[in-house]
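Undergrad: Listed in order, the protein sequences are those of chains A and B. So for the first sequence, our numbering puts the first residue at 733; every next one is plus one. So for the second sequence, our numbering puts the first residue at 2; every next one is plus one.
Treat the hints loosely; a few may be bogus.
[As the list claims (entries may be wrong)] Below, simulated DMTMM-like cross-link-like pairs (lysine to aspartate or glutamate); rule was C-alpha separation at most 20 Å, straight line: (1) A:910 - B:507; (2) A:836 - B:66; (3) A:836 - B:496; (4) B:102 - A:873.
No lab work stands behind these hints: they were computed from the structure. Note that the structure is a prediction, hence the values are computed from the model and not measured.
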Amino acid sequence: MSSNSIRILAGNSHPALAKLIAKRLGTDLANVTVAKYSNQETAVTIGESVRDEDVYIIQSGCGEINDHLMELLIMINACKTASARRITAVLPCFPYARQDKKDKSRAPISAKLVANMLTVAGADHVITMDLHASQIQGFFDCPVDNLYGEPSVLRYIRENIPDYKNAIIVSPDAGGAKRATSIADHLDLDFALIHKERKKANEVSRMVLVGDVKDKVAILVDDMADTCGTLGLAAKTLIENGASAVYAIVIHGVLSGKALEVINNSMLTRVVVTNTIPHADKKRLCPKLDTIDVSAVLAEAIRRTHNGESVSYLFGHPTI
Amino acid sequence: MRNAKLFAGTSHLALAQRVATHLGAELAPVNLRRYTNRETTVDLGCSVREKDVYILQSGSITTNDHFMEALIMVSAAKLASARKITVVMPYFPYSKQSKKKKRRGAITGKLVASMLTVSGADHIITMDLHASQMTGFFTIPVDNLFSEPTMARWLTEHVLRSRDGNGGDAPGPGGVVIVAKNAGGAKRVTALADRLGTSFALIHTDNAPSTRPFSRAPSTVALHTLPQTPRGPGMFASAVNAIPITSPRAQSPSPLRESLENASNRGSHTDLDLKTIVDAPSKSDSPKCGSTQGCDESTQRSKNGKKSKSRRKMSSAKNEKKTDPVESVVSSMQRASFYVSPLLDAEENPPEPEELDIDDIGSPNSGLEITEVLNRSDDDDDDDVDQSKLLEMVNTPVEESFNEDGSAAQNFEAIAQAAAGIFEQKRLRNPNRLAAVPIESTNSLSRRSTITGGSPGIHRITSGTHLQSDPPLRPPVAVTSWHKKRNARITLVGDVRNKLVLLLDDMIDHPSSFLTAAEHLMMHCGAQAVYIVASHGLFSGSSLGEVEICPYVHKVIVTNSFPIPDELTSASTKLVQIDVAPLLAEAIRRNHNGESISYLFDRNPW
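Just chain A, same shape as in the assembly (with noise of 0.2 Å):
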């Protein structure tokens, strides 16, 4: 164990999460003005000396993504020039993880983009909670840990769903199943899917469901919702198959477009999201929305990294 401590950097993204972290790590965070010139370029100022120091550097891929990102790359830069011992980049949702594949010609892969960048500012470490694939974590040549929100989510279930035991998981994408299944496993609940076709990006045209949900409280489950075109559908495609109540649980809650008109308005009971990204004014304005803190997971994270305890047991425990 090194005889360094740890440092918590905050950028402009989320800096409620970073605070609830630092409160968990008993720490205050450090002292970091980030601001912007009149030309809009990104200036940092490291307020404390970082020598020698296990630097973290909390910063969620959200609101204005490029921004935020820029932010990161600096401040990481800024502390390696400051001869941080280590430096890790903790991303609680990674910018731009959905383009992570050639899924259409000429497609760039802005994720293993980001991830050079990352390690060309200078980050020995990435910290993420559920990337879109887990592949992503081979684009990076430093080491990735990828944590999974999934431990909160079924502790939420069991807590927050009343009749979680006549539930079924229902995955809104093929591509979810995988997830889908995993926590049907754990509940000991069925599952059923829905396939959607998609003529465009954000647009969802026809919805086939595949499993049976009649009187049933539907669980929606899903990595990332965006427009929540998607989830409104699927609730409404589960209500008409006779499902009793749809509930939608998602990792990470971007919300972003008409959202939460869509939600409002939608068949959904309650939609809930991690604090992976900040939607406190959100809940205002959509009093079906529900928060999961994840804070606990992320700052069990960073201490084990510090200590070099094993980081896989969060894997399947939930922190408390």
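Fit chain B to the given chain A structure using the hints.
TA: For chain B alone, coordinates are given in the frame of chain A:
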């Protein structure tokens, strides 16, 4: 092609030859040899200076040798001032290892990508990567081709539209349903279903908690209820007792639970004698009962009279093959264990069959067996879970665990005895063949593992031959499929009743999970027939033989991206290989001429 040279590695010459033919070019001369210390040496037989070099090398059974060969060829071409080097790998080796398997796993796919880049490759052409995200592992362009259009056309012409689909009328899109055997393949399945206009379904195998204490959530049974349980096989035994307590499903009185309780009440399984083993399965009416034949010939005959005909036919196709006596013993031993395990499954549902594997793994000369076990797990539905489990098991000292848990050891003895019994009968029937093997070896546990450990892989190939000489001993295969997922609960989401099922995945190696799925579809879901469809057919060991004997699978359709030995393909009546040489050739041609490859993603090139 002007200014281009197509070289072929030794992995899949047949395919390379076909690609060359489609391109209207000759394969460039190359001399690939091995030094006596097994180092590979490459000698490009023509000038490649300022030429575009294409090197075709697929993954194969001897993956590492062939991959090394490809690297050396790339390096040689680079040093010989080639302008651009493109590696064509129809089957990308190590592509299953594309992510960290939960804990401390290597991303070997990334390593392979880095090695190719470092050796000097400028471009990669591959097909149906296990995860398309793997293109991001490279810093050079990768063309990930899709066999789906080729496959879809073949299926349309020969299955949806033709009349030779298992002798029946053409089912048409309405009569066909595409099924994923695990949740991970759902996307692939929906894509093909959309293309063919058929419906789709999904099989979900829910391993009971006791079978996966090392999965992502070790919080399941074993660790929670038995905090002091030692890690390793012993804990499975204890986990059995724990199941009824924690598993909500077991709250209702079920035969499973009763049997579990019986098992735990008894405390040990010593009374599990041969008799019970024989009786147990005959209660069920599935062809599982075939497994009892070794013990009870007459019942078996009457039950399987119908099927034996086809089986004989099949075996006669293989009867030219020579069988080494030792190998046949090994295979029979393996089968003997197959006989027992499913029965235990039916009767007791104990953890012991799991330990059958472990026994092999833990045996002294186990290095090769580990390889085999991992191979098998390759086609598991959720590879990350299972592989991590297997790896943990490999590291567990087995003898110790057995000693810790008396019941496990005793039960295993029962299994060994049963195996010996079957074996003995077989020996009496067939004294010549087994003469070379000391009989007592079958009675001892350690001996058994020694034998099994001695010749991995090979013995499985011979199982088909074996049947022919020994008709009463019944198909191991349908049985093998169960011995893996003993505590698994299989659920089909979707409807396959009276439909032709295309069981789709991206690759098939050891088919046990396919066969289990096929069995479920045929026996419990009313499927009309099951065709296995996969892009890459690896079929290591006796996989093809197992598919061949399995009564639930009617065809297995793969592409020729992966080299399968001719003697295996010709011996199989169910295997269909679809040629992807035109696709690869067209990709090479377009690449060379600077044309768009994406045209090929949803169209057939010819």
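Undergrad: Evaluate each hint against the coordinates.
TA: Now the hints, each set against the structure:
Proximity of residue 910 of chain A to residue 507 of chain B is assessed by CA-CA distance (about 16 Å); at most 20 Å being required, the pair is judged to hold. Between residue 836 of chain A and residue 66 of chain B, the direct Cα distance comes to roughly 34 Å. Violation of the 20 Å bound is thereby established for this hinted pair. The suggested pairing of residue 836 of chain A with residue 496 of chain B is violated, with an alpha-carbon distance near 32 Å, which exceeds 20 Å. With a C-alpha separation of about 17 Å, the suggested pairing of residue 102 of chain B with residue 873 of chain A holds against the 20 Å cut-off.
In terms of the numbered hints stated before, the structure departs from hints 2, 3, listed from lowest to highest.
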